[in-house]
Amino acid sequence: MSKPTAILNGKNVYINKNDVNAKVLKWIVDKVNEKLIIQGLACTYLYERGSLNVIDTNGKPMNLDDLIIWFSKHDKFFISKYIVFKDLSDKGYQVIEPSEEINHEIPILVISPEVTSKEKHLVYVIEEGYSINIDKIYQFISEEIIFKKSKGHLILAIVERRGGVTYYTAEIFLGATK
45 MSKPTAILNG KNVYINKNDV NAKVLKWIVD KVNEKLIIQG LACTYLYERG
95 SLNVIDTNGK PMNLDDLIIW FSKHDKFFIS KYIVFKDLSD KGYQVIEPSE
145 EINHEIPILV ISPEVTSKEK HLVYVIEEGY SINIDKIYQF ISEEIIFKKS
195 KGHLILAIVE RRGGVTYYTA EIFLGATK
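Be aware that the sequence shown starts at 45, since it is given in my numbering, and climbs by one per residue.
Think of the hints as simulated: they come from the structure by calculation, not from any bench. Every value quoted in this text rests on a predicted model; they were computed, and no experiment measured them. For each residue, glycine too, the CB sits at the ideal point set by N, CA and C. Some hints here could point you the wrong way.
To be verified - Below, in silico cross-link-like pairs of lysine to any residue (SDA-like), each with a Cα-Cα straight-line distance of 20 Å or less:
(1) K130 x K164
(2) K135 x Y91
(3) K55 x V154
(4) K120 x K130
Unchecked claim - Cβ pair distances, simulated, as ranges:
(5) T49 x Q183: 36 to 44 Å
(6) R205 x K47: 30 to 38 Å
(7) I123 x D100: 13 to 21 Å
(8) G173 x V64: 38 to 46 Å
(9) Y182 x L69: 35 to 43 Å
(10) I152 x D100: 25 to 33 Å
Full structure from sequences and hints, please.
Below, the structure is given as structure tokens:
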């Protein structure tokens, strides 16, 4: 079976529903008529793994550099998010970008240990050397209380300048218990 072909159009990546195979299926996030939508991070990951061909709206084949440049135009944190996305996906996590309704100064990913898991973890992607106010970190950690109810955790993913990633689980201690 040949690889499916994705078409870039702005921030969206479309695939004809008849072209989808099992490797691509788990990354589908939406449907518009006969076309399925995957996110830019998943598109880039699948392309890099050799599971997807990608073309622009003019039919020009895209390579990995083209994809990174394309998506970086729409998301200034794309490269850092992609490094974390790739690392977590390679480790077996299901990784998605949350809907655009979540609007923070720091890029966010949502992960779960398995595709069918209800357990979700919020991952804040921070570039090494990026200056962030401690109050902002405290606000993010405070949000972890909300995710505790869904058995999730808040994870800080620090992307090093050379591309490595270090992960920290963030928690708030609300005081001692008897």
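Here is what the structure says about each hint:
Between K130 and K164 the alpha-carbon distance is near 18 Å, which keeps this suggested pair within the 20 Å criterion. Between K135 and Y91 the CA atoms are separated by roughly 18 Å; this keeps the pair inside 20 Å, and the hint holds. Annotation: proposed proximity of K55 to V154 holds, straight-line Cα distance about 19 Å (limit 20 Å). In summary, the hint linking K120 to K130 is supported, as the alpha carbons are separated by about 17 Å, within the 20 Å threshold.
At about 42 Å, the CB distance of T49 to Q183 agrees with the hint of 36 to 44 Å. For R205 paired with K47, a C-beta distance near 33 Å keeps the hint of 30 to 38 Å intact. For I123 and D100, the Cβ-Cβ distance of about 20 Å falls inside the hinted range of 13 to 21 Å, so the restraint holds. Taking 38 to 46 Å as the suggested C-beta distance range, the pair G173 and V64 conforms, at roughly 40 Å.
With their beta carbons about 39 Å apart, Y182 and L69 fall inside the hinted range of 35 to 43 Å. Checking the proposed 25 to 33 Å range against I152 and D100 shows it holds: the Cβ atoms sit about 27 Å from each other.
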